[in-house]
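**Student:** If you want the building blocks of each chain, they are given just below.
2 protein chains.
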Amino acid sequence: MLTLHSYYRSSAAFRVRIALNLKELEYQQIPVNLLKGEHRLEAHTQRNPQGLVPVLETETGEALAQSMAICEYLEECYPQMPLLPDTPLGRARVRSLAMLVACEMHPLNNLSVLGYLTGTMGVDEATKLAWYHHWIAKGFTALEARLAQDTETGLFCHGDTPTLADVFLVPQMFNAERFNCDLSAYPTLVRIAAHCRELPEFEKAAPAAQPDAV
Amino acid sequence: MLTLHSYYRSSAAFRVRIALNLKELEYQQIPVNLLKGEHRLEAHTQRNPQGLVPVLETETGEALAQSMAICEYLEECYPQMPLLPDTPLGRARVRSLAMLVACEMHPLNNLSVLGYLTGTMGVDEATKLAWYHHWIAKGFTALEARLAQDTETGLFCHGDTPTLADVFLVPQMFNAERFNCDLSAYPTLVRIAAHCRELPEFEKAAPAAQPDAV
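Heads up: the sequence lines are chains Z and C, in that order. Quick note, the first sequence lines up with residues 1 to 214 if you use the working numbering. Quick note, the second sequence lines up with residues 1 to 214 if you use the working numbering.
Don't read these hints as lab results, they were simulated from the structure. Be aware that a few hints might be false.
Intra- or inter-copy, both count: the list cannot distinguish identical chains.
[Stated by the list, open to error] Mimicking DSS-like on lysine-lysine, the simulated pairs with C-alpha atoms at most 25 Å apart in a straight line are:
no., residue 1, residue 2
1, Lys138, Lys36
2, Lys128, Lys204
3, Lys138, Lys204
4, Lys138, Lys23
5, Lys128, Lys138
6, Lys128, Lys36
7, Lys23, Lys36
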């Protein structure tokens, strides 16, 4: 069976849970509590020297890191319910939407970056929140512009079935809501995310539904 | 012909130039001067609402954004000189190494983030440099650990031919050197990058070799 080393609130782990659910794959989840520093213990750094979650252990016991690499692996090994379109241009579009979230938004607002701002740099809470909201607004403005203008956009980010673009969008929307970001300027994103959340595959992957949720 | 909208110093554009060169593809380059704000002009935001480089225009005139999505597109459409291994596990390893650079290092140290730190937040030069060096050290320490321990590491990050892992590593090493980062703790990365730079495909992609270099 597949094993996901995960933390309920990690956006990157959330992405992989959605992908696993959409592909109807059975997996067990082993929590790694980031707040207690369990990701820095040797048990975890042996799996991933970077000390991050998620790590997917394959059926043959190989440990895979980085959510995009894991999703591509799942797509290659478990082709049912494809999460990428069937043309190179379609795949490039979906990957670029997912990468916009993964490379331009999430890295700036994760736990270790916010911790560096308030800890090492000693900035106050208001400055930290302004930072958070700035990168969310910048990324979502670009994403909204692309999704609103592209004819490929459908019920989901690409057409009428979920793809990796939705897998990456939904956890970022959750995160933005948790930090009270105003999402009214992104009607297309809000519409797509609401549609995704009606699906049990997304709902069951949400932070609150995980065994380690507190 | 392929057209790359690019900026000589952009790490992400540098990646795509290496991939294009390794695949021996002919392309023309159109400079977008980030320092002059040309990426915010409508001519460019029409191609990419996010206002980033690189953008690859395909032979049929489609504009593709995000360096990883572009590289995967090139890999699919131009299979010569493969930049991904031939097994799903090998591909997952190479993608996760590339993503470590693309998601954990580069986003924190690009021009707009450094500009936000010194501009909006008003931090001094020393604090900005400490920030830069912190994320380089964190990322390269993890990358060095993985590359030094994995049996798949060869002359390059994965075996003895270049892959997307090298395509992403080399521009990040260039960048770190430009900011005077001490790289002595990363002997495996230094060795691999030195080996890459001996290849004309990497050399011709370097910032100083571009038509818009100043």
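**Student:** Each of the hints needs a verdict: does it hold here or not?
**Tutor:** Status of each hint after checking the structure:
{"no.": "1", "hint": "Lys138 x Lys36", "result": "between (32 Å within a copy, 20 Å between copies)"}
{"no.": "2", "hint": "Lys128 x Lys204", "result": "neither (31 Å within a copy, 41 Å between copies)"}
{"no.": "3", "hint": "Lys138 x Lys204", "result": "neither (29 Å within a copy, 33 Å between copies)"}
{"no.": "4", "hint": "Lys138 x Lys23", "result": "neither (32 Å within a copy, 34 Å between copies)"}
{"no.": "5", "hint": "Lys128 x Lys138", "result": "both (16 Å within a copy, 21 Å between copies)"}
{"no.": "6", "hint": "Lys128 x Lys36", "result": "within (22 Å within a copy, 29 Å between copies)"}
{"no.": "7", "hint": "Lys23 x Lys36", "result": "neither (31 Å within a copy, 46 Å between copies)"}
In this structure, the earlier hints numbered 2, 3, 4, 7 are contradicted, and the remaining ones agree with it.
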